[in-house]
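S.K.: If you want the building blocks of each chain, they are given just below.
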Amino acid sequence: METYTLMVLLLAATIRVATPLLLAALAGMFSERAGVIDLGLEGKMLGAAFAAATVATVTGSAWLGLGAGMVTAIALSLLLGFACVTYRGNQVVAAMAVNIMVSGLGPTLALAWFNLGGQTPQLDAAGQRFTAVVWPWSQSARETPFPGLLYAELLSGHNLVVYLAAALVPAAAWLLYRTRFGLRLRAVGENPQAVDTAGISVTGLRYQAMIISGALCGVAGSYLSIAASSGFVRDMTAGKGYLALAALIFGKWRPYPTLAACLLFAFTDALAVRLQGVALPLVGVIPVQFILALPYVLTVLLLAGFVGRAVAPRAIGVPYSKEK
Amino acid sequence: MVEKITVLPPALELRSISKRFGAVQANRAVSFQVAAGSVHGLIGENGAGKSTVMNIVYGFHRADDGEILVNGRPVKISSTQDAIAAGIGMVHQHFMLVENFTVIENVMLGVEGGPLLAEGIAKAREALAKLGKDYGLDVPLDAIVGSLPVGLQQRVEIMKALHRGAQILILDEPTAVLTPQEADQLFRLLGRLREQGKTVLLVTHKLREIMAITDRVTVMRQGSVVAEVETKDTSPRELAEKMVGRSVLLQVQKGPARPGAELLTVSNLEVRDAQGVMRVKRVGFKLHGGEIVGIAGVAGNGQSELLEALAGMRAPVGGEIRFGGRDLVAEKIDPRGRRELGLAHVPEDRLRVGVVTSFSAQENLILGYQDHENFNRGLLMNNQAILEDCARKMAAYDVRPPQPGLRIAAFSGGNQQKLVVAREVDRAPTVLLVGQPTRGVDIGAIEFIHQRLIGLRDAGKAVLVVSVELDEILGLADRILVMAGGEIVGELSRAEATEEKIGLLMAGVREEKT
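Taken in sequence, the protein lines are chains A and B.
Read left to right, the first sequence gives residues 9 to 332 (the working numbering).
Read left to right, the second sequence gives residues 14 to 527 (the working numbering).
Looking at chain A on its own, in the form it has when it is part of the complex (with noise of 0.2 Å):
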């Protein structure tokens, strides 16, 4: 039985790791299907984690908090449109730039407005911050291992964001597949010249991809800092952003892949969390440094071997312009 605890305590972990993972992952579909290579998903979270906390502190709202997160991330993506759609500037640059101002830029602020080192100041009053949803009947049914452990630790305790991570995919599908909106983003991914000649706006399609990716980063910024932790430090996205894109690439710009990828990514995340300091049969303590790079050591050799021929979205990283 204590495996079985284990195993799904681990899930439970998986899946509070994946979900920032996943909203960016969802954020970066949008604007890559639309032809813009989104490496400004690290910065755009980062910069809504530091928004998302000092609103949060400031007026003790979770709620405002989010919002600022989503604010601040919408409006760094407009930025990145306007550098990358309007003024046809190079993606990968633009989104540099982008990830290192907010880099410098978080801790600064948060040094001159909170003086305490480039953190906000512990979120820890109620309503401050997004807190566990403890469903109906959890603390009974975790008596019963199966099913009711499950219940308990997987449906049951996380907080409002993971689910609203989980509704989104399904919601991302039927966007993209099933509405006029998907089709359109679709194909000015694919071939702008043909959504330019059927009569829309190829730059008009960019930028609202450029919003949803935004808000969606935001809520993941916002995650970070006011539902899975209690407040801002420097970094702390450390790498979540990239790592995102890369389960997008490895989802193949689909929704259900790049959660299975996030899930994944996730997984192994939260194992090298488990595996610190425990003695494996044979291989006795694996070394702390040796198990944190678990996550990107799997990430270079999925890309590398078992992706096999992701395509890209065909127009992704051209800026367009009629006179080709």
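Do not rely on the hints blindly, as some may be mistaken.
[To be verified] Quick list of the computed label-pair ranges, beta carbon to beta carbon:
(1) A/Asn98 <-> B/Arg349: 31 to 41 Å
(2) A/Ala246 <-> B/Leu393: 48 to 58 Å
(3) B/Ala328 <-> A/Leu14: 52 to 62 Å
(4) B/Gly418 <-> A/Tyr304: 51 to 61 Å
(5) B/Ala328 <-> A/Leu86: 40 to 50 Å
Because the hints were derived from the structure by calculation, they are not lab data.
Note that the structure is predicted; figures quoted are calculated from it, not measured.
Heads up, the beta-carbon is just placed ideally off N, CA and C, and yes, glycines get one too.
Fit chain B to the known structure of chain A by using the hints.
M.R.: Positioned in the frame of chain A, the structure of chain B alone reads:
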């Protein structure tokens, strides 16, 4: 009863349309009328302003001056939406299709009929079935567009336009990617459209098409309309002269070939493209001195990869290329090595492979020969010699303007190509490989380049011409190889070659061996 006599206004009328791009006056007071229910031809050389006219009519560009009338009423077309609303549809030369979408998704794009797709798809399916029946447009609606042959992709484009309610259909160089048989099918389709009262504007530089299908034809030269005639009252020669502004030779003048020794032998050559797809399959042929061999085929059937393999730009996965007593494949001789051995190459894609667009003409003229002792003085380039060499070639090849220091991008396509041909032909290579010798080149330069190639042949050298322009192959080649699906599917002597025979081979119909 009073019989009401109505004269239909022209479906499309342009009144003194002018458009300037920077210093270039692309259109100068262009006016013409396209009668309703007719097939109208718009013909002119590259750079004559045809594309600009079309792009203005389709709302891609805005005219500086002038007006457009549809069915006698002035319309303001400032975007593609306006053009579509005015009943104008366009089939672009490079199809505007999303390759990994199905046919129906492509047709629907932009006219989905509501925010959700399901209902729109059902409606579109119905409408397209009717369109298919009315015009004989037989296209599998659920097929992925990228998997369809180009002929069908073009039909998807036509369907797209008709589904948007186009009454006026503009086709831009529609036969560039088709076999002659596919082109004939297209013309039959255009005929049916005309019977149904649609108006077709056919933009092309091919005289054959104009003569085959149009009712009237407008000729453009240097941004202006220079003639408008009934097709039945004119001839290809007259049209060509109007296009160029002087008398031209439609037929390449050349004497009979005198094939000599075998100079290049290719056997069992196999080449993969960058994606790993086998594009050239067990190809073998010989080139003799004193002959021009033409490789015909629809674009994308392995000719480009074959040419690249011969020139040394792409490593074959198998086979031999024997030249000058050596096997170029086994010895892995690079393009420069091949040039030194006397195997020169005029690449298909002039702007990407043939020249460096930001370099001057004189710098471009030494590319590939930059280590030649004439051009160097110790470690430094001998700019004086390079300049003189360029000036001499410019004079010999009638390059205009004759300014060696001018950036190559500032020359017209024809003059750029003359420079590339000068660079490669001037050294009298034993074998010259030429890809699309006259793509994007004006008629005057075409004549000139063809004469140079024939001159090389008459000097006893071998020339291999790869071209998707069947007229060019028929005009130049002494022997014709036809490629389809990466294989050589037939070989014809010039005497036995006809457009029809080659067309069947291009479509992959093999000759019955008797």
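S.K.: Okay, which hints does this one fail, numbers in order?
M.R.: none
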